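Novice: Take a look at the letters that make up each chain.
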Amino acid sequence: MGFEDDIARNRRATALVVAFMFLLLWAVIIGFSAALGLPVAFVAPIAAVLALVYIGVSSSFSVQSVLAATQARPANLEVREERLLVQRVEEVAIAAGVPPPKVYVQDSRDINAFATGTKPENAVVCATQGALQQLDQEELQGVLAHELGHVLNRDILLSTITIGVVGTIALLAEIALRALWWGARGRGRGSRGGGGGGGAILLVLALVLLVLAPLFSRLTYLAMRRRREYLADATGVKLVRNNQGLVRALRKIAGDLPDDPKGSRTAASLYIENPWVKTEVDSVFSTHPPLKERIRRLEQM
Amino acid sequence: MAFHGLVVSVLVLLIVLVIAAWILATYNRIVRLENRIDNAWGQIDVQLRRRGELIPNLVETVKGYAKHEREVFEKVSQARAAMLGAKGPAEAMAADNMLTGALKTLFAVAEAYPELKANTNFLQLQDELSHTENKVAFARQHYNDAVTDYNNTVETFPGIIFGAMFNKRERPVLEAPAAAREVPKVSF
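Residue numbers (my numbering), protein chains in the order written: chain A, 1 to 301; chain B, 1 to 188.
The hints are simulated quantities; they were obtained by calculation from the structure and are not laboratory data.
The reader is advised that the hints may include incorrect statements.
[Unchecked claim] DEER-style ranges, computed between Cβ atoms:
id, chain 1, residue 1, chain 2, residue 2, range
1, A, 175, B, 12, 54 to 64 Å
2, A, 8, B, 50, 22 to 32 Å
3, B, 23, A, 201, 46 to 56 Å
4, B, 18, A, 76, 54 to 64 Å
5, B, 127, A, 175, 53 to 63 Å
6, B, 127, A, 297, 25 to 35 Å
7, B, 94, A, 62, 42 to 52 Å
8, A, 244, B, 90, 45 to 55 Å
9, B, 161, A, 5, 16 to 26 Å
10, B, 8, A, 48, 38 to 48 Å
11, B, 90, A, 5, 20 to 30 Å
12, A, 74, B, 57, 43 to 53 Å
13, B, 166, A, 107, 49 to 59 Å
14, B, 87, A, 297, 43 to 53 Å
[As the list claims (entries may be wrong)] Short derived list, chain B residues pointing at chain A, Cβ under 8 Å:
id, residue
15, 78
16, 134
17, 138
18, 142
Treat the numbers as computed from the prediction; the structure is a model and nothing was measured.
We put the beta carbon where it would ideally sit given N, CA and C, even for glycine.
Make a model of the complete structure from these sequences and hints.
Specialist: Structure, rendered in C-alpha cells:
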C-alpha cells in the first residue's frame, strides 16, 4: 500500500481516537458537574460544546511554540553537516511523496531528533548537533525517516489532542473530588443528601469516574504513544527500505543519553528517545518503549 | 402481494446502488493511482534534469585540474546527452544509470588530484550530485510503489473489469541498475 493510503487510513484511525477522547472528556465534565450537584440533563449539552471547543482549540496547535520550547533554529546551509541534513530530509520526503518539511537544528550534544506539525505541509523536522556529529548519513537518514513517519501517521496531532484532554481530565477530577469532599462534610452536619437513592447512585458513579478517569486516560495516552513509536519505526524502515540505519542509530543513542537535557519537558514525547530517562525502565508509565525491544523488532523487519 | 413486490424492488434497487457505488469507487481509485504514477514520474524527471544541469559545472571544475582525462569527460558528456534526450521513463532511467557509472569513473580519477579534492566548489558539487542520485533512487522507489499499487488494483477484482473496458493495463516498474542493488542507497 502506498504512503498516501497509509496517511488516509491513519487519518481515519486518528479521527476515531479523537472521538473517543471527546466522549471521555464529556463524561468527565458531566461527572464533575454531578459532583457539584448540578442537574445532569442541563449540563450535558453544555459539556458537549465545551469539550468540542477544547479539542478544536488544542488541535489548531502552534508549531512555533514547540520550536521555542525546544530552542531549535533553522538549519544553516553554509555548514556542511546541516546542508547534508537538509538533503537527507528532502530524500526521505521524496520517498514518501510529500513536500519536504522545514529542517531545524537543536544545539545540544546528545543524539536526538524530533518532528512537529499536524500534517506534511506544515511539518518541521529537527536534529541535534550531537546527531549530526555522531551519526553517519545512513543512520541519520534512518532517524529522519522515523520522524517523518510520525508526521505521516498524524502522531503529533493525536498526541496534542490527547495530552490536552488528559490534562483537563486530571484538573477537573481534582476539583470535583475536592468539591465532593467539602460538600460531604457540609451535608453531614444536618441536611440529607438530595434526590434520595437515585441521586446517591449518580454520586457514587461520579466518584468512581473521577478517581479512575485521570489514571485511565494517562495510561491510555502512554500506551498509545508507545505503540505509535513502534509504528514510526516501521514506517521509517518502509520509507528507506533499510533497517540498518535506524538500528545502528538506536544503539548509539542507547549509550548516549544526556546528563543535562535541553528544552522543555513537555516536548519529551516528541523525541525519538526521551532525553530525560537515563535508565531503561520498562513500565506502563514510559513515553517510549525500551530501546532493546525496538531494536529487536527492527531487526526482524 | 403488492407489498411483497415493493420490498423485492427496493432490495434489488439497493443491491444495484451498492454495486454501482463499488464500481464507481474502484474507477475513481484507478484514476487516482494513475495520477499518482504521473506525479511520481514528474518527480523523477525533475531530478534527472537537475543532474543534467550540475554536470557542465562539474566537468569544468575537474578540467581546471585534470585537462588530460579527455576520455572520462567524453563519457560523462555523452551519458548526459543521452539522458536529456531520452524518451519515456525506461529510456531515461537506463541513460541515468550510464551517467552514474561515468560519474563514478570521474570521481575515481579525481582522487589522484589532491588540489582538486580540496576545492570547495568541487566538494559541494560532489555532495549535490550524490544528493541527486539519492533523490532519483527514492523517486524511482516512489514511482514503483505507485505502479505496484496500480497493478494490484487493475489485476484483481473488481479493477480487472476496467482492464478490458478502458484499457487500464498492468504497467512496468522501473528496474534498478544492477550495481545499485549491491550498494546501500545513500551515497556520499
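Novice: Each hint: holds or not?
Specialist: Outcome of the hint check:
{"no.": "1", "hint": "A:175 / B:12: 54 to 64 Å", "result": "holds (59 Å)"}
{"no.": "2", "hint": "A:8 / B:50: 22 to 32 Å", "result": "holds (30 Å)"}
{"no.": "3", "hint": "B:23 / A:201: 46 to 56 Å", "result": "holds (54 Å)"}
{"no.": "4", "hint": "B:18 / A:76: 54 to 64 Å", "result": "holds (57 Å)"}
{"no.": "5", "hint": "B:127 / A:175: 53 to 63 Å", "result": "holds (58 Å)"}
{"no.": "6", "hint": "B:127 / A:297: 25 to 35 Å", "result": "holds (33 Å)"}
{"no.": "7", "hint": "B:94 / A:62: 42 to 52 Å", "result": "holds (48 Å)"}
{"no.": "8", "hint": "A:244 / B:90: 45 to 55 Å", "result": "violated (30 Å)"}
{"no.": "9", "hint": "B:161 / A:5: 16 to 26 Å", "result": "holds (21 Å)"}
{"no.": "10", "hint": "B:8 / A:48: 38 to 48 Å", "result": "holds (42 Å)"}
{"no.": "11", "hint": "B:90 / A:5: 20 to 30 Å", "result": "holds (26 Å)"}
{"no.": "12", "hint": "A:74 / B:57: 43 to 53 Å", "result": "violated (27 Å)"}
{"no.": "13", "hint": "B:166 / A:107: 49 to 59 Å", "result": "holds (56 Å)"}
{"no.": "14", "hint": "B:87 / A:297: 43 to 53 Å", "result": "holds (45 Å)"}
{"no.": "15", "hint": "78", "result": "violated (27 Å)"}
{"no.": "16", "hint": "134", "result": "holds (5 Å)"}
{"no.": "17", "hint": "138", "result": "holds (4 Å)"}
{"no.": "18", "hint": "142", "result": "holds (5 Å)"}
Consistency note: the structure conflicts with the earlier hints numbered 8, 12, 15.
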